[in-house]
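Use these hints to put chain B with the ligand onto chain A, whose structure you have.
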Amino acid sequence: MTYGRYQKYHPWLYEPRFPILWWIKKWAYIRFILREMTSLAVVFYAVVLLLYVNAVSDGPEAFAAFTAWLKSPLSISLHAVAFFFLVFHSITWFNLAPKAMVIHIGAKKVSGSVILAMNYLTWVVVTVGLFWLLTF
Amino acid sequence: MSNSGLQPTIDLEVYRYRPEQQAEPTYDTFTVPLRDEWVILDALNYIKDELDGSLSYRWSCRMGVCGSCGMMANGEPVLTCAAFLKSYAPGSIRVEPLANFPVARDLIISMDDFMEKMNRIQPWIITDEEKPLEEGEYLQTPDQVDEYKQFSMCINCLLCYSACPIYGMEPSFIGPAAIALAQRYNLDSRDHGQETRMDILSTDDGIWQCTFVGECSEVCPENVDPAGAIQRYKVTSTNDWWKSKLLPWTSKQ
Ligand code: FES
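From first to last, the protein sequence lines stand for chains A and B.
When we follow my numbering, the leftmost residue of the first sequence carries the number 1, and every step to the right adds one.
When we follow my numbering, the leftmost residue of the second sequence carries the number 1001, and every step to the right adds one.
Hints listed in this document are in silico derivations from the structure and should not be mistaken for laboratory results.
Built from N, CA and C at the ideal position, the CB exists for glycine as well.
Treat the hints with care, since some could be wrong.
Claimed, not checked - Calculated pairs, DSBU-like style, for lysine-lysine (alpha carbon to alpha carbon, straight line, at most 30 Å):
| hint | chain 1 | residue 1 | chain 2 | residue 2 |
| --- | --- | --- | --- | --- |
| 1 | A | K108 | A | K26 |
| 2 | A | K109 | B | K1245 |
| 3 | B | K1048 | B | K1086 |
| 4 | B | K1048 | A | K99 |
| 5 | A | K108 | B | K1086 |
| 6 | B | K1243 | A | K25 |
| 7 | B | K1131 | B | K1149 |
| 8 | B | K1086 | A | K25 |
| 9 | A | K99 | A | K109 |
| 10 | A | K109 | B | K1234 |
| 11 | B | K1234 | A | K25 |
| 12 | B | K1234 | B | K1149 |
| 13 | B | K1234 | A | K26 |
| 14 | B | K1243 | A | K108 |
| 15 | B | K1243 | A | K99 |
| 16 | B | K1243 | B | K1149 |
| 17 | B | K1048 | A | K108 |
| 18 | B | K1234 | B | K1245 |
| 19 | A | K26 | B | K1131 |
| 20 | B | K1086 | A | K99 |
| 21 | B | K1086 | A | K71 |
| 22 | B | K1048 | B | K1234 |
| 23 | A | K71 | B | K1117 |
| 24 | A | K109 | B | K1048 |
| 25 | B | K1086 | B | K1243 |
| 26 | A | K109 | B | K1086 |
| 27 | A | K26 | B | K1086 |
| 28 | B | K1149 | B | K1117 |
| 29 | A | K71 | A | K25 |
| 30 | B | K1131 | A | K99 |
To be verified - From the derived model, a few chain B residues whose C-beta atoms are all more than 10 Å from chain A:
| hint | residue |
| --- | --- |
| 31 | T1031 |
| 32 | D1036 |
| 33 | D1204 |
| 34 | N1223 |
Pulled out of the complex, with its shape left as it was, chain A reads as follows (with noise of 0.2 Å):
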């Protein structure tokens, strides 16, 4: 079976269809399947989010029986699993972090490793913050 850009001209050459279970050849391509999907568990937090905030736009009842949801075990364990493949993603994302951003100090390039610190640093930051915000 071959299709393609060149069998028009130049017939004899062989060109394989791409499979579409690529993927599953290769432990490094199923990591990068599994990341890929990681977007559904950030999809669920915005969702939830947006419910929130429809709760507490609705009412007081509204708000109660929304929150009451939170706490039931199914929500509990969706929330597991969501923040299992946040924290995932999250990690995965920052350890990239060096490869995309080259910093200069002066002619000096900044190490990879400082770039990752700043980066995590930067999330501890603003996840305190976040908590201060919410809880005070």
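For chain B with the ligand alone, kept in the frame of chain A given last:
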């Protein structure tokens, strides 16, 4: 090795495609001596000399410099002149042409597509204006050389294209080696071609096809890190876009 009759051997399952004889590729199994110092390329040369002279494949330097001997060994893109037989033993080795390229014959791929793309990114130094000869050469500091040196090590072996599922799915993707090569010139202090190359690289077929699988950098025999080059370029391109929106007077056009 031992001179007894019991020399160890290893089997190579070699991909065969002879367009004048067959519409679909097949595999031939050859048994070759398993020598400590032999690489897959030595085994192919042995097959061609002793077993089947019709086997076709590319090679030249047999020392990891020319980049012409890239093939798939058990599904992994490798330079066959750097892949030792004994690291696959026991067990056989399946040798196939580089994935994601059309096959011309046996282990030979057609690299026309890459040649065209390489040309498109204008891999040469583009200057705004030439200095008059009297002013001498264009000097660079060691730090300036370090900026692009890594990306200049590419030997065009195309292993990165074979490792890239995006290229497999979207053959119009400019691809790892060509983008790394573009960065090699973009980061050169003597070059002023950034803007010109941006028009080619910032399109859908350029950097934005890349979803950072990262395998191109894993298989690269010269540690060029094309994945890194692409991600860096995404940052540059994004910054440029914001600048052109927020501070339009700073952009050249
Ligand atoms: S023969 Fe030149 S790189 Fe392998």
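Results of checking the hints against the structure:
no., hint, verdict
1, A:K108 x A:K26, "violated, 38 Å"
2, A:K109 x B:K1245, "holds, 28 Å"
3, B:K1048 x B:K1086, "holds, 20 Å"
4, B:K1048 x A:K99, "violated, 43 Å"
5, A:K108 x B:K1086, "violated, 43 Å"
6, B:K1243 x A:K25, "violated, 42 Å"
7, B:K1131 x B:K1149, "holds, 23 Å"
8, B:K1086 x A:K25, "holds, 23 Å"
9, A:K99 x A:K109, "holds, 13 Å"
10, A:K109 x B:K1234, "holds, 19 Å"
11, B:K1234 x A:K25, "holds, 28 Å"
12, B:K1234 x B:K1149, "holds, 20 Å"
13, B:K1234 x A:K26, "holds, 26 Å"
14, B:K1243 x A:K108, "holds, 25 Å"
15, B:K1243 x A:K99, "holds, 22 Å"
16, B:K1243 x B:K1149, "holds, 28 Å"
17, B:K1048 x A:K108, "violated, 52 Å"
18, B:K1234 x B:K1245, "holds, 17 Å"
19, A:K26 x B:K1131, "violated, 51 Å"
20, B:K1086 x A:K99, "violated, 34 Å"
21, B:K1086 x A:K71, "violated, 58 Å"
22, B:K1048 x B:K1234, "violated, 46 Å"
23, A:K71 x B:K1117, "violated, 56 Å"
24, A:K109 x B:K1048, "violated, 50 Å"
25, B:K1086 x B:K1243, "violated, 55 Å"
26, A:K109 x B:K1086, "violated, 41 Å"
27, A:K26 x B:K1086, "holds, 22 Å"
28, B:K1149 x B:K1117, "holds, 21 Å"
29, A:K71 x A:K25, "violated, 40 Å"
30, B:K1131 x A:K99, "violated, 35 Å"
31, T1031, "holds, 26 Å"
32, D1036, "holds, 28 Å"
33, D1204, "holds, 17 Å"
34, N1223, "holds, 13 Å"
In the structure shown, a violation is registered for the earlier hints numbered 1, 4, 5, 6, 17, 19, 20, 21, 22, 23, 24, 25, 26, 29, 30, in ascending order.
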